[in-house]
Amino acid sequence: MSYLEYSVKSAPSGLRKILYLNWPLTILVVTVAGVGFLMLYSVAGGSFTPWAEPQIKRFGAGFLVMLGVAMVPIWFWRNISVVAYGVSILLLLAVAFFGDVGMGAKRWIDLGFIRLQPSELTKITMVMLLAAYYDWLPAKRISKPLWVALPVLLILLPTFMVLRQPDLGTSILLLFAGGGLMFLAGVHWAYFAAVIVSGVGLVVAVFESRGTTWQLLKGYQYKRIDTFLDPGSDPLGAGYHITQSKIALGSGGWTGRGFMQGTQSRLNFLPEKHTDFIFTTLAEEFGFVGGISLLGLYSLIIIFCVATAIATRDRFSSLVTSGIAITFFLFFAVNMSMVMGLVPVVGVPLPLVSYGGSVMLVLMAAFGLVHSAHIHRPR
Amino acid sequence: MTHRKLSRRALMLGGLQAGIVGALALRMRHLQVKQADQFRLLAEENRINIRLIAPTRGEMFDRNGLVLAQNIPSYRITMVREDAGDVESVIDDLSRLITLTPEDIDRALAEMRRSPPFLPITLTDNVSWDDIARVSVNAPALPGVTPEVGLTRVYPRRSDFAHVVGYVGPVSDYDLDQIEDPDQVLFIPRFQIGKVGVEAKREDALRGSAGSKRVEVNATGRVMRELSRQEGKPGADLQLGVDAELQGYVQARLGNESASVVVIDVENGDVRAIASSPTYDPNLFVRGISVADYRALTENPYRPLASKTVQGTYPPGSTFKMVAAMAGLEAGLIDPDDTVYCPGYLEVSGRRFHCWKRAGHGHVDLQDSLKESCDVYYYDLALKVGMDRISAMAHRLGLGERFDIPMSAVARGLAPDRAWKKRTRGEDWLVGDTANAVIGQGFMLSSPLQLAVMTARLATGRSVRPRLVKSINGVEQLSGAGDSLGLNENNLRQIRKAMFSVTNQRDGTAYRSRIIDDAFRMAGKTGTSQVRNISAAERASGVIRNRDLPWNRRDHALFVGFAPFDNPKFAVSVVVEHGGGGSVAAAPIGRDVMLQALFDATPPLAAYPTGDRQRIKAQQERLKRERLRPDTVSDRA
Chain A
1 MSYLEYSVKS
11 APSGLRKILY
21 LNWPLTILVV
31 TVAGVGFLML
41 YSVAGGSFTP
51 WAEPQIKRFG
61 AGFLVMLGVA
71 MVPIWFWRNI
81 SVVAYGVSIL
91 LLLAVAFFGD
101 VGMGAKRWID
111 LGFIRLQPSE
121 LTKITMVMLL
131 AAYYDWLPAK
141 RISKPLWVAL
151 PVLLILLPTF
161 MVLRQPDLGT
171 SILLLFAGGG
181 LMFLAGVHWA
191 YFAAVIVSGV
201 GLVVAVFESR
211 GTTWQLLKGY
221 QYKRIDTFLD
231 PGSDPLGAGY
241 HITQSKIALG
251 SGGWTGRGFM
261 QGTQSRLNFL
271 PEKHTDFIFT
281 TLAEEFGFVG
291 GISLLGLYSL
301 IIIFCVATAI
311 ATRDRFSSLV
321 TSGIAITFFL
331 FFAVNMSMVM
341 GLVPVVGVPL
351 PLVSYGGSVM
361 LVLMAAFGLV
371 HSAHIHRPR
Chain B
1 MTHRKLSRRA
11 LMLGGLQAGI
21 VGALALRMRH
31 LQVKQADQFR
41 LLAEENRINI
51 RLIAPTRGEM
61 FDRNGLVLAQ
71 NIPSYRITMV
81 REDAGDVESV
91 IDDLSRLITL
101 TPEDIDRALA
111 EMRRSPPFLP
121 ITLTDNVSWD
131 DIARVSVNAP
141 ALPGVTPEVG
151 LTRVYPRRSD
161 FAHVVGYVGP
171 VSDYDLDQIE
181 DPDQVLFIPR
191 FQIGKVGVEA
201 KREDALRGSA
211 GSKRVEVNAT
221 GRVMRELSRQ
231 EGKPGADLQL
241 GVDAELQGYV
251 QARLGNESAS
261 VVVIDVENGD
271 VRAIASSPTY
281 DPNLFVRGIS
291 VADYRALTEN
301 PYRPLASKTV
311 QGTYPPGSTF
321 KMVAAMAGLE
331 AGLIDPDDTV
341 YCPGYLEVSG
351 RRFHCWKRAG
361 HGHVDLQDSL
371 KESCDVYYYD
381 LALKVGMDRI
391 SAMAHRLGLG
401 ERFDIPMSAV
411 ARGLAPDRAW
421 KKRTRGEDWL
431 VGDTANAVIG
441 QGFMLSSPLQ
451 LAVMTARLAT
461 GRSVRPRLVK
471 SINGVEQLSG
481 AGDSLGLNEN
491 NLRQIRKAMF
501 SVTNQRDGTA
511 YRSRIIDDAF
521 RMAGKTGTSQ
531 VRNISAAERA
541 SGVIRNRDLP
551 WNRRDHALFV
561 GFAPFDNPKF
571 AVSVVVEHGG
581 GGSVAAAPIG
591 RDVMLQALFD
601 ATPPLAAYPT
611 GDRQRIKAQQ
621 ERLKRERLRP
631 DTVSDRA
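Those protein sequences? They're chains A and B, same order as listed.
In terms of the working numbering, the first sequence has 243 at position 243, counting the first letter as 1, and numbering is strictly consecutive.
In terms of the working numbering, the second sequence has 153 at position 153, counting the first letter as 1, and numbering is strictly consecutive.
Check each hint, because a few of them may be wrong.
Derived DEER-like restraints, expressed as beta-carbon distance ranges [stated by the list, open to error]: (1) S7/B to K144/A: 21 to 27 Å; (2) L176/B to L297/A: 22 to 28 Å; (3) G15/B to L297/A: 32 to 38 Å.
Footprint (simulated), chain B over chain A, 3 or more residues, beta carbon under 8 Å [claimed, not checked]: (4) 177 to 188; (5) 254 to 264; (6) 285 to 295; (7) 322 to 329; (8) 337 to 349.
Simulated from the structure, these hints should not be mistaken for laboratory data.
Backbone N, C-alpha and C fix where the C-beta goes; we use that ideal spot for every residue, glycine too.
Just need the whole structure built from these sequences, with the hints factored in.
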């Protein structure tokens with residue numbers, strides 16, 4: 001069933017659309033954001049400034065953006081997806097040439113009223129374009145090499161641009177989200193098998209080549225890998241973040257040390273305690289129970305996004321909703337693995353909880369798309 | 001078809017996601033439940049720091065409760081870099097209000113660069129109250145600048161007790177090297193320990209023990225709050241047996257002579273006065289002495305830094321004759337009434353040993369020999385008694401013994417016997433060595449403290465030991481009275497009687513320094529010890545008068561004495577370095593100090609011989625004026 005055959009006769013109209021929002025999803029998003037406010041209030045030592053208050057305002061703005069996106073019919077978003085992707089690429093180019101440097105990387109572009117992070121925007125526009133592409137592409141061509149190469153290029157272009165900023169975390173997210181979407185669209189499994197096999201081969205080659213004449217990475221890069229594999233080897237240097245993070249998590253125990261009682265975060269032992277490492281504060285203050293609860297809330301958000309994906313009948317809605325679910329999943333899975341020392345520190349924020357404007361707005365817009373698909377589904 | 005495929009793929013992806021979520025949950029459980037205790041411990045180690053609280057140093061008083069060393073609040077100005085903002089401009093503003101030396105500023109800036117921005121750094125120390133007031137008034141214009149109160153060690157008696165009480169200073173690397181397993185408190189910045197004198201020797205009692213507080217610190221080491229506090233123990237207060245007024249008098253009486261005086265209470269060994277001259281102001285060292293001041297002290301030929309009372313050793317000269325006589329009497333080898341003929345010299349193994357009186361003393365008995373200090377009598381005695389007996393008696397009376405007195409560099413002196421020379425020089429002891437030793441020359445060396453103890457022992461017959469610290473925190477210390485030496489009381493009486501004649505008979509060497517007051521009659525002995533070998537040519541050409549020699553080749557003048565004769569209370573020893581004859585240079589000082597001690601005030605002129613009273617009156621008035629002046633020596637330095 002393609003978009004042109006799509007029947008809209010039963011879709012709600014006007015403000016009545018609000019009643020048809022994916023309400024469980026809305027409640028979950030507000031709850032998780034609320035947890036974020038609480039944690040930002042705590043890491044500021046019991047103060048709304050400097051983080052909790054701006055974050056609440058941004059969430060308010062993000063909530064309005066979400067409603068706005070939700071009100072607009074999903075086919076409109078499908079129609080502008082090429083334009084949206086093109087604008088994202090242009091913005092990424094603008095960052096590369098005129099961007100602001102912050103924290104050692106060129107990620108921001110100052111539009112006067114807002115400092116925008118185009119790499120965040122790309123996460124959603126890329127998903128939109130891929131969904132639109134597979135909506136348009138006839139099923140029999142999906143696994144044809146040429147028609148596989150095109151989406152691969154669409155994914156790799158922003159991935160490399162972001163990698164050059166450098167922002168490893170976002171590139172990984174783009175790569176995996178795009179790959180996940182192609183998998184869902186039905187690209188033949190042999191392509192994925194080939195990528196996985198060559199990926200594993202590359203990793204093996206990297207390690208095997210160490211110390212030989214054909215060494216693939218530079219010495220310091222190996223050192224970083226060492227630090228990841230054994231953070232204790234350099235507790236005050238590169239391993240500091242992960243060591244302190246694990247101490248914070250571990251000292252939380254079953255039920256945590258209590259709200260605002262986390263010594264690790266309150267005494268600044270934790271790096272980036274209000275952004276990428278905010279989960280450690282939560283785990284320190286609310287313990288295993290708190291950490292598992294947040295993981296549960298995130299899982300529910302994924303489930304309700306997937307529920308919408310299943311409820312919709314058209315390919316674009318289904319793919320874009322699933323793509324957003326994958327992106328959201330990658331956000332929290334990479335962030336949590338990172339702070340728990342399962343993967344190297346790559347700089348991915350905890351979605352809806354970490355302090356940060358662009359991520360918040362983009363995530364809320366993405367949930368707006370899910371709502372739009374939900375409202376404008378055939379029934 | 002496509003829809004079904006999507007669902008199957010979605011299921012696979014969902015399964016993968018569920019697996020990852022499960023892995024995350026397991027990891028969380030591993031960290032937070034299984035390893036929780038271990039990580040909790042690490043978190044505590046992260047946040048809790050133990051900080052030491054410096055104990056308050058014990059103070060020192062004299063026997064009457066006059067303060068010798070105390071801690072008084074001192075003001076310093078500190079600056080916190082992170083609060084100051086533009087450090088240079090704030091310092092600039094501050095230096096318009098108070099005087100900051102360029103060294104102070106450089107040191108503070110260097111210290112600031114080394115330490116975290118929230119630590120207060122001292123800009124200048126020992127600031128006057130006026131300066132503090134000025135800074136406080138202008139506080140709003142001086143961000144980060146705070147006046148702070150600390151404790152500074154102050155010695156209110158200034159130079160009077162420099163060698164006794166000593167001074168404190170900051171712990172140096174050298175100090176730390178000297179101490180095995182140093183107390184953590186020594187690492188507190190600006191902590192001060194005793195460097196010299198009682199301050200150094202009784203550091204154990206004075207320091208006290210550090211308290212500690214557990215504080216919570218953040219990642220940069222900033223203290224967030226205090227968790228608990230354990231108070232330390234302040235140092236013990238020491239009461240010294242010294243009499244600060246007497247000591248002050250002695251220092252003034254000695255003036256700028258290179259001399260030392262020790263006054264001992266013979267009843268309990270309390271050191272009432274122990275003065276070395278010239279002296280210096282220990283307060284200069286606490287504040288940090290300037291290079292110029294320090295050089296002035298080290299280059300002064302009179303060696304103001306040396307504590308001559310315990311550290312200086314001198315040939316005791318004729319003051320040793322009591323020891324030799326006592327050895328002869330105890331051995332039963334001489335009789336007090338036997339006489340020896342003194343022709344002015346005695347041949348000993350082919351060498352002629354001269355008496356100081358070239359014309360000779362004629363027939364002398366024991367009393368005459370001490371009264372007129374006849375050398376030939378003792379050459380004769382030496383041949384009869386032998387060195388080993390004399391040496392043993394010297395040790396019994398405290399010569400060649402190192403007393404346990406908490407002052408710096410206490411010397412042992414030397415009262416040699418035959419074995420000593422063999423051991424240290426590999427040479428045999430010669431009869432001539434004995435002849436030299438018996439008149440307190442040759443190898444004999446004694447400190448003024450030892451001479452005072454010797455006198456006290458002769459006066460009492462007990463093994464009096466000097467006691468400097470009378471009580472610690474009110475607990476009386478072991479008395480220095482000592483047990484009986486086991487000497488024959490008759491023999492002692494003979495010696496004392498002879499010493500009495502020295503100061504009270506017309507032909508005694510110290511007759512001019514007698515005490516008239518019947519209740520306070522003094523017995524004593526003068527000594528004049530050579531610091532050079534007198535050549536035969538000099539002897540032949542006649543006596544070279546002392547004042548014709550350069551200062552450092554003149555004779556040392558000595559005097560020992562005790563009083564009152566009938567019921568001894570004090571023993572005194574006086575050594576005037578290169579002062580000339582003991583009867584002229586040392587005995588008057590001994591008499592004046594003794595009277596001051598006996599009366600515990602300025603003595604009445606009636607205690608002095610009639611002819612001297614006018615001169616003494618002038619001297620008393622001059623000393624009073626001088627003691628009112630702030631500090632003669634430190635002003636000069």
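Quick rundown of the hints versus the structure:
Between S7/B and K144/A, the C-beta spacing of about 23 Å keeps the proposed range 21 to 27 Å intact. Our hint of 22 to 28 Å for L176/B and L297/A is violated, since their Cβ atoms are close to 58 Å apart. Between G15/B and L297/A the CB atoms are about 20 Å apart, so this pair departs from the stated range of 32 to 38 Å. With a cut-off of 8 Å between beta carbons, the stretch 177 to 188 of chain A has 5 residues touching chain B; three or more are needed, and the interface restraint holds.
Coverage of the stretch 254 to 264 of chain A by chain B holds in this model, with 3 residues showing a Cβ closer than 8 Å to a Cβ of that chain against a need of three. Counting residues of the stretch 285 to 295 of chain A whose beta carbon lies closer than 8 Å to any beta carbon of chain B gives 5, which meets the minimum of three for the stated coverage. Using a Cβ-Cβ cut-off of 8 Å, 3 residues of the stretch 322 to 329 of chain A lie near chain B, which meets the minimum of three, so the contact claim holds. Counting residues of the stretch 337 to 349 of chain A whose beta-carbon sits less than 8 Å from any beta-carbon of chain B gives 3, enough to reach three: the coverage restraint holds.
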